[in-house]
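Trainee: Each chain is listed here by its residues.
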Amino acid sequence: MPTLGVNAVAVNRSTFPCTALARSCSVHFRSPDFLREVATRVTTVGIFQEGTSAVATVLDGGGPSGAPPKPRQIVQIRTRADRVFRGLATGASSSTLILLFLIGLFLLIKALPALKCAGLNFLTTSEWNPPDRGTCETFGVAALMYWTVVIAVIAMVIAVPVSIAAALFITEYAPRWIRRPLTSLIDLLAAVPSLLYGMWGAGFLAARTVGITEWLANHLGFIPFFKPTNAYPIYGPSAFVAGLVVSLMVVPIVTSVIREVFSQVPPGEKEGALALGGTRWGMIRAVVLPFGRGGIIGGSMLGLGRALGETIAILLIISQIYYIRANFIEAGANSIAAHIANAFGEANGVALSALLAAGLVLFGVTLLVNVGAAAIINRSRSGAGVEI
Amino acid sequence: MSLQAVRDRVAGSGSPTPGKPISPRSFNTKDIVVLVCAIGSSLGLTWLLFTQILPLQGSQGFLIIWFAAFLVIYYAAVREMDGKMMARDRLMGSIVSVVAVAVTVPLILLLIYVTAKGLQFLRLAFFTTTMANVGPLSPVEQTGGLQAIVGTLEQVGIAMLIAVPLGVMTAIYLNEVRGRLQRPLRIFVDAMSGTPSIVAGLFIFAFWVQNHSFSGFAASLALAILMLPTVTRATEVVIRLVPDGLREASLALGSPEWRTTMKVVLPTARSGVITAILLGVARVIGETAPLIMTAFGSATMNLNPFSGPQSAMPLAAFQLFRSSQTADVERAWVYAFVLILMVLVLFVLARWSAGRQFARR
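Sequence order for the protein chains is A and B. All residue numbers for the first sequence refer to our numbering, where the first residue is 1 and numbers rise by one. All residue numbers for the second sequence refer to our numbering, where the first residue is 1 and numbers rise by one.
It is possible that some hints are incorrect.
Using 30 Å as the maximum straight-line C-alpha spacing, the simulated DSSO-like pairs for lysine-lysine come out as follows [claimed, not checked]: (1) B:Lys30 with B:Lys84; (2) A:Lys270 with B:Lys84; (3) A:Lys270 with B:Lys30.
Quick caveat, the hints were computed from the structure, so don't treat them as lab data. Here the structure is a predicted model, which means the values were calculated and not measured.
Between the sequences and the hints, there should be enough to build the whole structure, so can you do that?
Mentor: Have a look at this one:
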């Protein structure tokens, strides 16, 4: 249907916002002459405002415009309800960004008294004796941060290989009937509350790892990590057990990310590797693992973020210490989150502010790790980070 | 005929005779015999080591050495028969399968342990009485959980009222509206899902509790923060599965965008959205850390979520577990058992609802 839109746009694009699809539209013309020219080309023109404004109902197109046809400019005109709807959705979704900003802001404001008091020592001091029982120089997150990282690293060293194996098994090895139940069971690991892991770790697992840790201390004691720190070492509530339990909580998250990426490996390339005589493992090494590298890295970082922020399970398992030592299989460990949860009840004034400052450090570190992880995962999901 | 069938036909047995192609993925009678023999001989070797030669003990050590011995024996046997490449394939196949299945062992151990500890003292009165008249020295059978159940229901319910509309609208923004914020928002939603729960609790404490008081509502706010990214991600995934044809048909019939979303997209993904909500609830129902600094906990019934400390299932279990009284620790297991029952019910419901979505498509 040749319409006013097409011709008029050709004549005077800037003043004619209507599209060819619109059966009636309001037009603001620059001059009465232009209006007259348009009026000769359409059948019905209703003029509402003399000389400069018109509503044109297009029934039939006019003659040839002379100018070569140009691609029609499509302008989407939304109803008011649609605009409100889009506004609502935008507002709701920006709540995520606003929340993240507010969390950082409020923690910073409330942490300022402690940070002013401690200054940069806050990051280098190990002990935790804030002004209610110490001075401004006697509290800091160094030891807390150290143990948080140690537990997270132990958890990741166990969780990443296990997750890769689980994802490979589900996508490549397992018979079809076993896939869904196994996926459900691994997802169920994620649904079990952190509290129950802690109670189980403290009541069941800690006692059952004493044998292994004792063996490590007796036979590999020359390694600093296992070297006994005193004549009668106590095993059980250690960073090792906490890391073991946290690894269980992290495995489902890492597995689900890696599994998703592995399942997107182009089947043609897998078939190609097998057709060339590769074994299944050869195919996995040549095709699946390189393709899934982004997912493995991103998933591991996401798991690391979780491991760093784990609170209750660690708190229930470990006995808290406030100094740095290499040995992680003996009783005694800590974490920022566990320390906050434990010390929160008795803290007020600057001591409370110090806890919020520790929370701010934790928030900053996990946010950095998580944003990095999410960026990597999103890239590997869209396929942009993978060379094919 | 499938590719696998062709390959099997071409391959025949797995022996590497020159000129005769072998199938890398075939697993015939001979392979099964080798596998069973490797399992048996490694078991025998480990048993010999443990009971006759070395002064070793412990079931974990036995399992670890058995697995290691099996891997070595199996690798050597296959390498002798089918060559290095096949041996490596079998080795990695065994490791991957055993590790993947072994992941579920701790879960099963945990469920058994919690059930064994919690079930023995669980009485029907748990669901009808509170802890108001229960002291540390009362018998363990006398454990009331009503105040915690009510608290959890109210807190999670209010958190749902806040987080679900926000989460679903955010998912709609990510997938239907597709504004300029789409890419950064997706990254930040992922990042927010990893926000430590204790940080959410601290934030609400600084933002709300310090100006008002400990209350169930403050706990709801903290739980909503944790729930929001879970609901958003899960909803977005199911909305993305709605076929574009449905959207286009609706738009072509002249309905505006909001009607298309509300009357076509969301109803099509209904069971998926319900799954997303259930997953969100399952994510927060066991959260303890943020409740310490928001709901605070209480032994008595507090029906009003807007004022005064309130109890909750995970919080009560946590506080009892840290008590120095043995009876209180035993009570904590009763709470833990009921809590994990709630989580399991939610999980099964979520799976069932997700299964319905897949069944229909």
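Trainee: Would the pair A:Lys270 and B:Lys84 pass a check requiring their Cα atoms to be no farther apart than 30 Å?
Mentor: 21 Å, holds
Trainee: Hinted pair, alpha-carbon criterion (30 Å max): A:Lys270, B:Lys30. Please report holds or violated.
Mentor: With Cα atoms ~26 Å apart, A:Lys270 and B:Lys30 stay inside 30 Å; holds.
Trainee: Can you confirm whether the C-alpha distance between B:Lys30 and B:Lys84 stays at or below 30 Å?
Mentor: This hinted pair holds, its Cα atoms lying about 17 Å apart.
No hint from the list above goes unmet by this structure.
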